[in-house]
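Asker: Letter by letter, the chains look like this.
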Amino acid sequence: MNTYIHISPTPLNIQSCIDLVMSPSCGGIDVFIGTVRDATKGKQVLRLEFEAYEKMAVSEMQKLADRAMQQWPVQKVVIHHRTGVLQVGEVPVVIAVAAAHRDAAFEACRFLIDTLKQTVPIWKKEVFEDGEVWVSATP
Amino acid sequence: MNTYIHISPTPLNIQSCIDLVMSPSCGGIDVFIGTVRDATKGKQVLRLEFEAYEKMAVSEMQKLADRAMQQWPVQKVVIHHRTGVLQVGEVPVVIAVAAAHRDAAFEACRFLIDTLKQTVPIWKKEVFEDGEVWVSATP
Amino acid sequence: MTVTILAFGIAKDIFGASSIDIELPADALASDLKLLLEDKYPRLKQIRSYLLAVNNEYANDDLVLDSRDEIAVIPPVSGG
Amino acid sequence: MTVTILAFGIAKDIFGASSIDIELPADALASDLKLLLEDKYPRLKQIRSYLLAVNNEYANDDLVLDSRDEIAVIPPVSGG
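Residue numbers (the numbering used here), protein chains in the order written: chain H, 1 to 139; chain P, 1001 to 1139; chain Y, 2001 to 2080; chain G, 3001 to 3080.
Quick caveat, the hints were computed from the structure, so don't treat them as lab data.
It cannot be assumed that every hint is accurate.
Said to hold, decoys possible - Mimicking DSS-like on lysine-lysine, the simulated pairs with C-alpha atoms at most 27 Å apart in a straight line are: (1) Y:Lys-2034 with H:Lys-55; (2) P:Lys-1125 with G:Lys-3034; (3) G:Lys-3034 with P:Lys-1043; (4) P:Lys-1125 with P:Lys-1055.
Keep in mind the model is a prediction, meaning the values are calculated, not measured.
Bound-form chain H, shown alone (with noise of 0.2 Å):
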């Protein structure tokens, strides 16, 4: 199997996603790991909440994959998603790219998280001191 979509309500392992795509034919690997950052737009965030559309979350992710594949000369990949609340410094997505030269990694990982971003059907909440949105909903 060369492409892994999982949502998990628990702490993603980095490791884990990096070792699942080593491979003796690859010389690359490129990784993008989103964190929780402690402000948005100058106002602090207390801690996010991400919601999912779980099945249909899954297999948007795993056509990314699949287009990655075809697009690029990439030979594994890794997107994992979390749920549930999670405070500042925690990671909600790593996204894993290897393939035997460093440009297909790179490039099919920067699509990848872009992609993710606009297609597959997973929610954020920012929660502030005095209240919360959901991120992109309102004009």
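Starting from the structure of chain H, add chains P, Y and G where the hints point.
Answerer: Chains P, Y and G alone, transformed into the frame defined by chain H:
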């Protein structure tokens, strides 16, 4: 300290590199991991041997990290390179870059590995069944 | 026919529930359901945009709905 | 003056040593040293290219050398 440069003859710890760049004010980390491939131009590679002009290599890597911090809004940069004999699958280099936004992390990481391969005085010997060659040394 | 609509993110807040049942004419289109929902929950028109997913795929407005479909309201996603 | 030249990678193979001592006129330039080395080790001219580093910085041909400099021959690098 926002840049961490290291050359070591012992295996690199990827998770430690990532831990070094984690920061509450960062939202994205891009990590490049070089791995020893089992073949080059279709020819089976038995192992690689890396040699560094260590003092100058550290100084050149520090220059690259400083340039990345100047050119992109990145907050933390780690460059760890290994020396000595590496078997297929082992990791010669780890570069980790943390930034508030992922654009800068991806671009700076890409710049760092591309430029490291051009300017940092480290040399790689490929060992085959029937001989060995210093990579890029001869026309 | 009665269809069950799953709601996520801000849509769940707007519906006040993670799923609602809606009565639709047979052979209703996705666009018919959208109009009905916007009529019943006007705040849906105030969000940036939303899509319907039918059986875990994004649905076009002209898709014909079936009572056995798994239907969901997908407000703007914000994962990653 | 006598200068010590450090050698790495293929340059070490060409010199048969990780460092060699070379006798240079006072105020010799980096380019003078290159000519001397290429004369003594003709295989240096067969590699793709090489640079000199002086005190851990890449050196231009017109740099004046000093006996206390740390000088190294830098064949094409291939790290990463």
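Asker: Please go over all the hints and tell whether each is borne out by the structure.
Answerer: How the hints compare with the structure:
no. : hint                       : verdict
1   : Y:Lys-2034 with H:Lys-55   : holds (22 Å)
2   : P:Lys-1125 with G:Lys-3034 : holds (24 Å)
3   : G:Lys-3034 with P:Lys-1043 : violated (35 Å)
4   : P:Lys-1125 with P:Lys-1055 : holds (20 Å)
Hint check: a violation occurs at hint 3 only; the rest are consistent with the structure.
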